[in-house]
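Here is what each chain is made of, one letter per residue.
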Amino acid sequence: MQGIIAYGAYIPRLRLSRKSVAQANAWFAPQFGARGKGTRAMANWDEDCITLAVAAARDCLGLGEDRSGIHGVYLASCTLPFAERLNAGIVSEALTLSDTVEALDIGGSQRAALSALSAALDKAKGAAGNTLVLAADLRQTRAASAQELDFGDGAAALLVGSQNVIAEHLGSGTVTVDFVDHFRSDGADVDYQWEERWTRDEGIGKLMPRAIAAALAAANVPAQRIDHFIFPSTIAKVDAQLAKNCGIRPNALADNLAMTVGDTGVPHALLMLAQVLESATPGQLILVGQFGSGAQALVFRVTEAIFGFRPQVGVGRWLASGTEETNYTKFLAFRQQLELERGMRGEQDKKTALSTLYRHKSAVLGFVGGRCELTGNVHFPPSRISYTPGAPALDTQKPYKLAERQATVLSWSAEYLSYYPSPPQFYGQVDFDGGGRVLMEFTDVGRGEVDTGTRMEMVFRVKDLDEKRGFVRYFWKATPVRFSSAGSPGPGPTE
Amino acid sequence: MPSGIKDKVVILGMGCSRFGERWEASPEDLMVEAYGEAMSDAGIGPQQLDAAWFSTHMSDVGTGRGGLPMGIALRLPNIGVTRVENFCAGGSEAVRAAVYAVAAGACDIAIALGVEKLKDTGYAGLPVATVGTLVPQWYPNAVAPANFAQLATAYRHKHGMDAATLKRAIAHVSVKSHANGAKNAKAHLQKAVTEEQVLNAPIIAEPLGLFDCCGVSDGAAAAIVTRPDIARGLGKRELVSFKALQVATSNGWEMHSSDWDGSYFHTARIAAKRAYEEAGIRRPREEVSMLEVHDCFSVTELVTMEDLFLSPEGGAVKDVMDGFFDADGRIPCQIDGGLKCFGHPVGASGIRMLYEMYLQLLGRAGSRQLANPQVGLTHNLGGQPSQNVCSVSIVGNFPS
Chain P
1 MQGIIAYGAY
11 IPRLRLSRKS
21 VAQANAWFAP
31 QFGARGKGTR
41 AMANWDEDCI
51 TLAVAAARDC
61 LGLGEDRSGI
71 HGVYLASCTL
81 PFAERLNAGI
91 VSEALTLSDT
101 VEALDIGGSQ
111 RAALSALSAA
121 LDKAKGAAGN
131 TLVLAADLRQ
141 TRAASAQELD
151 FGDGAAALLV
161 GSQNVIAEHL
171 GSGTVTVDFV
181 DHFRSDGADV
191 DYQWEERWTR
201 DEGIGKLMPR
211 AIAAALAAAN
221 VPAQRIDHFI
231 FPSTIAKVDA
241 QLAKNCGIRP
251 NALADNLAMT
261 VGDTGVPHAL
271 LMLAQVLESA
281 TPGQLILVGQ
291 FGSGAQALVF
301 RVTEAIFGFR
311 PQVGVGRWLA
321 SGTEETNYTK
331 FLAFRQQLEL
341 ERGMRGEQDK
351 KTALSTLYRH
361 KSAVLGFVGG
371 RCELTGNVHF
381 PPSRISYTPG
391 APALDTQKPY
401 KLAERQATVL
411 SWSAEYLSYY
421 PSPPQFYGQV
431 DFDGGGRVLM
441 EFTDVGRGEV
451 DTGTRMEMVF
461 RVKDLDEKRG
471 FVRYFWKATP
481 VRFSSAGSPG
491 PGPTE
Chain V
1 MPSGIKDKVV
11 ILGMGCSRFG
21 ERWEASPEDL
31 MVEAYGEAMS
41 DAGIGPQQLD
51 AAWFSTHMSD
61 VGTGRGGLPM
71 GIALRLPNIG
81 VTRVENFCAG
91 GSEAVRAAVY
101 AVAAGACDIA
111 IALGVEKLKD
121 TGYAGLPVAT
131 VGTLVPQWYP
141 NAVAPANFAQ
151 LATAYRHKHG
161 MDAATLKRAI
171 AHVSVKSHAN
181 GAKNAKAHLQ
191 KAVTEEQVLN
201 APIIAEPLGL
211 FDCCGVSDGA
221 AAAIVTRPDI
231 ARGLGKRELV
241 SFKALQVATS
251 NGWEMHSSDW
261 DGSYFHTARI
271 AAKRAYEEAG
281 IRRPREEVSM
291 LEVHDCFSVT
301 ELVTMEDLFL
311 SPEGGAVKDV
321 MDGFFDADGR
331 IPCQIDGGLK
341 CFGHPVGASG
351 IRMLYEMYLQ
361 LLGRAGSRQL
371 ANPQVGLTHN
381 LGGQPSQNVC
391 SVSIVGNFPS
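From first to last, the protein sequence lines are chains P and V.
Using our numbering, the first residue of the first sequence is number 1, and each one after it goes up by one.
Using our numbering, the first residue of the second sequence is number 1, and each one after it goes up by one.
Since the hints were derived computationally from the structure, they do not count as laboratory data.
Quick caveat, the model's predicted, so the values are computed rather than measured.
Cβ atoms here follow ideal geometry from the backbone N, Cα and C, with glycine treated the same way.
Some clues are possibly wrong.
Unchecked claim - Chain P is nowhere near these chain V residues, computed Cβ spacing over 10 Å in every case:
#, residue
1, G64
2, G71
3, R156
4, L239
Claimed, not checked - Derived DEER-like restraints, expressed as beta-carbon distance ranges:
#, chain 1, residue 1, chain 2, residue 2, range
5, V, G132, P, R184, 46 to 54 Å
6, V, P77, P, A391, 45 to 53 Å
7, V, Q369, P, G346, 42 to 50 Å
8, P, P480, V, G132, 45 to 53 Å
9, P, D255, V, G160, 46 to 54 Å
What the hints assert, rightly or not - Quick partial rundown of chain V residues pointing at chain P, CB under 8 Å, derived from the structure:
#, residue
10, G125
11, V128
12, L134
13, W138
14, N141
15, A142
16, P145
17, A201
18, I204
19, E206
20, N251
21, G252
22, W253
23, M255
24, G262
Assemble the whole structure, with the sequences as input and the hints as a guide.
In structure tokens, the structure reads:
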């Protein structure tokens, strides 16, 4: 049996009020006044596709340190930060996966996540080990466009394999057609969109039913037996029309999160799937489809094992944990669509020494410190000589992962002096459960949310952008613990 | 314990430029100003100098690198000029090197000069520093005010103190230094301020406001040192001698270990203990007459009073509020205005502190002269609370 064995998701904490966008742009685009309802997920300045994907993967994988069962990472996205430098490779380092993992970037169409999922399911038939399917998007839009209101940022993750399957794969259908409802040429920031009604009638209306019919036939499942129909689209009611045309019951329609998150693009079908799985019961049938340069659909049946898995946070709690952002200029600035005066302190060169990064990639990307075998003292970054007062031992440190451990704030400040994309810059010293102290930047934090003693957890984020050369530095940051069930793994072997 | 430096080396002459936003002065001009005063005070010519130590920190925005800037600016007679750099404690390091060279007998007369030109960057505050190739990949883009502001959160937590009480105490630290700076014609900031002004100033790094931060200044200072017998031979009667020169440098323990509580300077306590031992001081609160500490931020000065064992643990707030460190208090601190108001040209600051102690001990401090000071202490810090270099020096009258 092949299928999904774990799932996870990530929705950025900021939720941009559509009303504030519509009102700010009303002088120019009054037609969007009626669409100023709800919120859309908005990545913080230090989030990109890679960090979103890492967050979703961690939601899926949980706190366990043994990730040796993961043999593949497929990262689906149309907005990956690097055109060349394996984006899935950065994710693998951040997740401290084995370097024998097969890592791929998959893109090119809105159904790239389903293509990645299909490939992972195929792989599960023959090979040992699980494949982590990740999907993330952070799409640039023009100010005062429909997409700016409709889209949202987010990511989803599925672990695919053949042991402890919680949703068994029953069948798939694919149609590949060069139907260009939108495109984005190499180097362009923003999609070029064709008329929506044409996409609805000639594209989705004709191509999706073929993929769905093929998937249902392969699964040997009649359409009316589908319990959850997942089909993301920003076109109003197109999912309901499609269900009707395919013979799927209207009450099978899954919530497309339009009022809270917006359409996240490539990950959206998997994000909706993650939400469906949170409340699915054994025996239920799920049809998930997505449209883009053709159509793709997959059918799954939920198994008894569904009760044995919970994501670390899950869509439901990500949805509930949002903070409404009513400042539209902040959104524009985070997207580099509004050039703010940075002052001379913003001129600092952020060139990264790539050879240094390579030597320290485990520390910088994986947040792996060194724990002295003699004293248990934890060092970050790891060093050859330990700090132990009076007994500086040589070469006694073993790799020690910090990313999944919680920490407590010792001291902090919030400063307004430097150039920081979202001032003030919060940073401080945190002490990790089980040992180790690091002076770290804090993110997703506002005034009054941190003090000495505040419990923090770690998130993988953009540290600096080298705009001159187009390079991105990543590192881990601390953020207040917001979900009580999360915790630190127990002590033990850590390699 | 080695025999130490006590009374082996004396100050032959000192000089200090006017500190401040010296738009008209290049680093060379600042050096000439301090050097000229020191040489004339010493009463010697360049040929009598055997060696020089040169302190500057932000060489990229100021003087340039190496010993050359000093050798060329002062047209020194091809003696060795060695640049020392130890963050904001570099000035004290230059003095230490010169003193040790004289004590070793390698030199008869040596000069230490520190200079910093910070006002050619185009913006306020300390320039953005470069920190190698690994640190920027994980360390926060830290700035000095937020590094030192963390002392406040940790100190408050340790002593169960409310934010307003600590904020008021550190405000008093700044009010006192402004009052002192107003009497110093060479100081960068010569204006008294009220507690209300300090408390209501814009926040730079919580909880530090504008008046909790020291001036970022241009300036230079110089010290010429020699053996007591040589100074006597040159006709000097009243002499100021070194009683202790101690430096302690972090080894990463504070950075890595949860055993450090973030509210004090581990190095300062070590350097202070060693310095008191070297100088033979057993009861610092009773024996120290005056001090210049590294008040880069008001909260730094406050916690330093405990690190130097002048205030009891947790007692600095009471001492500060009681005026213990005011100009008319038991141990006047920052009598020249300190970093806060005299200013902080990084590489020169340690020597500037020594300059004030020298003037006070010789009775030359004019309107801010203290009555009969015997023992002066300087505390010069480089880095930040969790990793730093701390220098504690003690000077006093040379026994006649």
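The hints, checked one at a time:
1. G64: At about 19 Å from chain P, V/G64 clears the 10 Å cut-off, so the statement holds.
2. G71: Fine: 31 Å to the nearest Cβ keeps V/G71 off the interface.
3. R156: violated, 8 Å
4. L239: holds, 40 Å
5. V/G132 to P/R184: 46 to 54 Å: violated, 39 Å
6. V/P77 to P/A391: 45 to 53 Å: Given a distance of about 49 Å, which is inside 45 to 53 Å, the answer is holds.
7. V/Q369 to P/G346: 42 to 50 Å: Since the Cβ atoms of V/Q369 and P/G346 sit about 46 Å apart, the hinted range of 42 to 50 Å holds.
8. P/P480 to V/G132: 45 to 53 Å: Given about 31 Å between the Cβ atoms, the range is violated.
9. P/D255 to V/G160: 46 to 54 Å: Given range 46 to 54 Å: holds, Cβ gap about 49 Å.
10. G125: holds, 6 Å
11. V128: holds, 5 Å
12. L134: Since chain P brings a Cβ to about 5 Å from V/L134, closer than 8 Å, the hint holds.
13. W138: Hint holds; V/W138 Cβ to chain P Cβ min 5 Å, cut 8 Å.
14. N141: holds, 6 Å
15. A142: Holds, because the Cβ-Cβ distance from V/A142 to chain P comes to roughly 7 Å (cut-off 8 Å).
16. P145: At 6 Å from the nearest chain P Cβ, V/P145 passes the 8 Å test, so the hint holds.
17. A201: violated, 12 Å
18. I204: Result: holds, 6 Å to nearest chain P Cβ.
19. E206: Since chain P brings a Cβ to about 5 Å from V/E206, closer than 8 Å, the hint holds.
20. N251: holds, 6 Å
21. G252: Since the shortest Cβ distance to chain P is 5 Å, the answer is holds.
22. W253: holds, 5 Å
23. M255: Since chain P brings a Cβ to about 7 Å from V/M255, closer than 8 Å, the hint holds.
24. G262: holds, 4 Å
Of the numbered hints listed earlier, those contradicted by the structure are 3, 5, 8 and 17.
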